[in-house]
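Okay, here's what each chain looks like letter by letter:
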Amino acid sequence: MELADIINPKNLVYKKPPLLTSTTMHYCPGCSHGVIHRLLAEVIEDMGIQEKTIGVSPVGCAVFAYNYIDIDWQEAAHGRAPAVATGIARTNPDKVVFTYQGDGDLASIGAAEILHACNRGEDMVVIFVNNGIYGMTGGQMAPTTLLGQITATTPNGREAGRNGYPLKITELIAQLPGTSYVTRQSVQTPAAIRKCKKAISKAFQAAIDKKGTSFVEVVSTCNMNWKMTPVKANEWMVENMFPFYVPGDLKDSSKNNPESYTPLKN
Amino acid sequence: MAKVIGAVVVDNEECKGCGLCVVACPQDVLGQNKQVNSRGYHYSFMKNPEACIGCSNCATVCPDTCITVYRVKI
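Residue numbers (this note's numbering), protein chains in the order written: chain W, 175 to 440; chain D, -5 to 68.
Bound conformation, chain W alone (with noise of 0.2 angstroms):
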């Protein structure tokens, strides 16, 4: 069979998701934040939910998200997005409301908003991508700047004495009461894609049922600001970052009330 009779809109597998406008992303090659969004775009549009979901986008690589998906956004301030989400999802309680955030977003400058954001419980769901590194503005050291990695500002590596220790800031989340589904996933493979198209699509239904806050942390490359080839970064992520970030479901319930939080009788 001739290559012309196979390519065929009939024998068509897979393309690009609708969603996704024609915009050329302006991400690094091999930045894992243009399989992130795909995925997001796949799940809104598997959903049927593009008319009532709306993205808030950081500050940070992913700040132009609303150059690339065809949904309705809202920009942030540097780390408030939890607070933009906040304000959107109670004023509209029939959309589907995610934040998109980074890790220098999200747990440094944004960690009171995002640790406040999921105690309250607020329903919507949090993509935390998280490569180790601030990638936008030329990859210094964030909180989650594994021991001993190099960056622009941590040149020797990063040393707990001077620079303190990795957050682990999705362990963190996992115990307060209002999140309901919290796990740590990648885009590394094809069977770690899918699983973490699974996972974002399960969120994404969490904050539909009113669950409370779902959150998805997502450990990713930078390979630009690590200073390797993406596919090598996707081998020193498995074999540096997973031991410290290990990928899985931290938290998997609903937003309830358990009973050391029983509310004083009057």
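Simulated from the structure, these hints should not be mistaken for lab results. Any given hint could be a false lead.
Which stretches of chain W does chain D cover? Using the computed rule of at least three CB atoms under 8 angstroms from a CB of chain D, they are [what the hints assert, rightly or not]:
{"id": "1", "stretch": "181 to 190"}
{"id": "2", "stretch": "201 to 207"}
{"id": "3", "stretch": "364 to 378"}
{"id": "4", "stretch": "402 to 411"}
Think of the CB as a built atom: it goes at the ideal place given N, C-alpha and C, for glycine as much as any other residue.
Got chain W; can you put chain D on it based on the hints?
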């Protein structure tokens, strides 16, 4: 067992030549072209088109969604 053959189409101008699809392909179908596109990237192409089974692993890992996959049973 029915034999399956596939084909992939790479959008040469969209491809940024990251090489993730080359590694993800279980059949060693894809390779990076020696030529570059208008932005200077070595775009992916089918160097071994007969081996393709249309599994769409390459399209799944592509960060720029520039791969379209076709598959036919014979």
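How the hints compare with the structure:
no.	hint	in the structure
1	181 to 190	holds (count 8)
2	201 to 207	holds (count 7)
3	364 to 378	holds (count 3)
4	402 to 411	holds (count 4)
Hint violations for this structure: none, all hints satisfied.
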